[in-house]
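There are 2 protein chains.
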Amino acid sequence: MRELKFSESVRSLEPFFRPRSVAIIGASPKQKKVGYVIAKNFAKSFKGKFFMVNPTAQEIFGHRSYPSIKSVPEEVDLAVIAVPAPVVPEVLEECGEKGAKAAIVISGGFKEVGGDGAKLEEELAGVARRYGIRLMGPNCMGVFDSDSMVDTLFIPRYRLKRPPKGGISFISQSGASGIAFLDWAAGERIGISKFASYGNAADVSEADLLEFLAADEETRVIAMYLEGIKDGRKFVKVVGQASRVKPVLVLKAGSTISGARAALSHTGALAGSDEVFDAVVKQTGMIRVYDWEEMFDFARVLAYQPAAKGDRVAVVTNGGGAGVMIADEIEKLGLRLAELGERTHAELKAKFPSHVVVNNPVDLTGDADNERYSVAIKAVLADEGVDSLLLVCIPHTPAVDLESFVDVVMDSWSKWGKPLVVCLPGGRVSLELREIFEDRGVPTYPTPRRAARSLYALAKYGKSKS
Amino acid sequence: MRELKFSESVRSLEPFFRPRSVAIIGASPKQKKVGYVIAKNFAKSFKGKFFMVNPTAQEIFGHRSYPSIKSVPEEVDLAVIAVPAPVVPEVLEECGEKGAKAAIVISGGFKEVGGDGAKLEEELAGVARRYGIRLMGPNCMGVFDSDSMVDTLFIPRYRLKRPPKGGISFISQSGASGIAFLDWAAGERIGISKFASYGNAADVSEADLLEFLAADEETRVIAMYLEGIKDGRKFVKVVGQASRVKPVLVLKAGSTISGARAALSHTGALAGSDEVFDAVVKQTGMIRVYDWEEMFDFARVLAYQPAAKGDRVAVVTNGGGAGVMIADEIEKLGLRLAELGERTHAELKAKFPSHVVVNNPVDLTGDADNERYSVAIKAVLADEGVDSLLLVCIPHTPAVDLESFVDVVMDSWSKWGKPLVVCLPGGRVSLELREIFEDRGVPTYPTPRRAARSLYALAKYGKSKS
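As they're listed, the protein sequences go chains E and H.
Counting from 125, one number per residue, gives the positions in the first sequence under the working numbering.
Counting from 125, one number per residue, gives the positions in the second sequence under the working numbering.
The reader is advised that the hints may include incorrect statements.
The list makes no distinction among identical chains, and a pair is therefore deemed to hold if it is satisfied within one copy or across any two copies.
As the list claims (entries may be wrong) - Pairs of lysine-lysine residues, derived as DSBU-like cross-links and limited to a Cα-Cα distance of at most 30 Å, are as follows:
(1) Lys475 / Lys157
(2) Lys539 / Lys173
(3) Lys157 / Lys473
(4) Lys456 / Lys157
(5) Lys156 / Lys473
In case anyone wonders, no lab produced these hints; they're calculated from the structure.
Can you make the complete structure from the sequences, with help from the hints?
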């Protein structure tokens, strides 16, 4: 990994994700309250110390409650604030006096409601500056960290499952988009490292978070949902640096006139010109996606597979139709079907029955068994003209031995260090195989197009790194 | 429905899907044999009469076996033939003498292997012509009909689930693509009427099947996977007629140079110029898709929802980010965000708290409950400037009452006769709601883009019908 020249301010974001101690201000014993769900989250799973703060409660599910953060008997790194907007500046003042380093303001009722709310937000930002507290929010979902288990998401777990630990970190300007993404990841057992929904961005912005995640060792892929950008110059600089050390995926909504108008009434974001944004994408090496599905598809492959050293893809399939569709897609994406070397060609010709198509796509045909797959995988990966492998299996054909298929593929593939993605179309049987592959770090896709596109992401990232 | 001017030959395809009696020639008592699986399928679920034909067996799972079709004591409409290629012409000859009306030749070893195989296929086609037997195949998966339960798919059901009854019929030039599609439909409980994989098309072609399905009352949507077209002139004529009475979706692979080359080694199809095909699509009113996922997405919405009368889409959401993405997508697809009428605007303003965004997208915001959804749905559907509704729900927000959500939506929507699609992103909770909607005929999608694209299919079909 190249050396990073990030600003000192990166360190100041650590307490959001790895605080030693947290005060939950507005913790509540009453179900349905935001402060109840957050307090429960910390009580259930946070790995550090936490303190409930609520002046009208003696205790909250057996944990002592303090009347204010100032009465907490130990140091506090992070304050999570979920009290009505008008008292938030005053509460943050107390956090400052206490020496807290960071605060997440969940409460809404600030700039997003206009007028007095905007003034209140200015006041809030002023307090933060005065005390040197980093401030996330207001009007946000805050943070989920799968390691420290900071979890300020005020949606109970029976509604919103938390995903397992993994290498994808996600920043979202939209709270709802953020939680939908997390729940989806949980459902598909995709590992997440850190999540941050930063709301009105009174202090901490998308660029700050990006900078932090670029330097974060647990984060292998950064995924962002954006509508507008707060400080364009800073964003461009930080994204350019981040993209040199790890893949940065961006879903930038508001790319049309209708979308930009909708963004303005949603987060008040000025979406800006989409041409300009595209130029930034090109210049910085970000990878732009246009849908949550694509963000997931790309994030998975980039988190688990090595970058492709080039754009020459080998395809091995037992279904000719899928091979044709992949060939189409590869050409459309500007990738290439690898030209198999003479030795590879001769070897496959010698080992396979005459009805097997020894071109690329290698069509093993419908009677292909696991052994035929193994021979083909090894031969094409040994070929120096091949940069990556797209494997297709229609697992319904009886010759495929389902019991050992994943093992056979993994064994044939593992030593070559070239990226692999698998396309497994169909219902139950396909889904079962897909889960086993995913658990072993091989991304799988139900359609030829999505599989081919994911290889495109790997090739694109490989190119921007080189 | 407009009157159809289809050729008389349509009737001649009936015995493939609705035979009164079937002879399974090559039925086998030995597991792993193709003739075993097919015989099992008929024994288990076929609604008409069937006869096992195998000269070396006395009985096959308790069913009497006849030495040849000629010894079957009753009339035979359809012969299913799964015997080695060299004896197929002779067997078909016997079918002719017996008076069978149609035959499906599952066996491979014909034109696809070249040389002698091609000659054998010519011979076979000659026999069929001589006796006036309609011939499907050779080298095909044959037919699945969810009503009569003709099922010649030689993949056992523990590997390949059969989908439930429904309105989508599917023709596939590729056998593997066909079974992947069926299994996927089964997994997602999507209803299929008829399926045909026609292999080498020695007699029955994609155009014949298309014509048949266009006239078939149980088929509401026709979906096709094609690599090449046998008789371009006939195809164009039939597709044009079919598209006037029901939606025809086409996934045409081999659209690039690489893909066309792969198609040639797969089915021997000459993919032809993609520009020409696009012109045909435009001229005939077919809807072209580029991926299996899209084919499914479109087929579901076209099978269950009325065509949109225009391109003006209303969006109701509790997540602003999804609204922004949908607004983008709608503009990119050439649809329009409906402009809400003054009355609608005033009504929503009066009934909703001030933080609700009363534009289109209507952003009910994260605290929206079922009642707020109900009011919004009724108001926008009553608006004459609205042709269709795209409803988004982030179901994780606690204000949504999951128990009654689907009922509330269905009640608010049902009387207006305008198409509805629902976007429900996320994991478990979303999937559960999606299933309930789907069972009630409302297509659902996990992402804004896929939901918006499905409405595009409805609008496009509505336009081509008008």
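Each hint, compared with the structure:
1. For the identical chains of this complex, Lys475 and Lys157 are inter-copy neighbours only, at 25 Å across copies versus 67 Å inside a copy, given an alpha-carbon limit of 30 Å.
2. Proximity of Lys539 and Lys173 under a CA criterion of 30 Å is satisfied in neither setting, with 44 Å inside one chain copy and 56 Å between copies.
3. Proximity of Lys157 to Lys473 under the C-alpha cut-off of 30 Å is restricted to the inter-copy arrangement: shortest distance 27 Å between copies versus 68 Å within a copy.
4. In this assembly of identical chains, Lys456 and Lys157 lie within 30 Å of each other by CA distance neither inside one copy nor across copies; the values are 51 Å within and 41 Å between.
5. Taking the shortest alpha-carbon separations for Lys156 and Lys473, only the inter-copy value of 27 Å comes in at or below 30 Å, while the best intra-copy value is 67 Å.
Checked against the numbered hints above, the structure breaks hints 2 and 4 and satisfies the rest.
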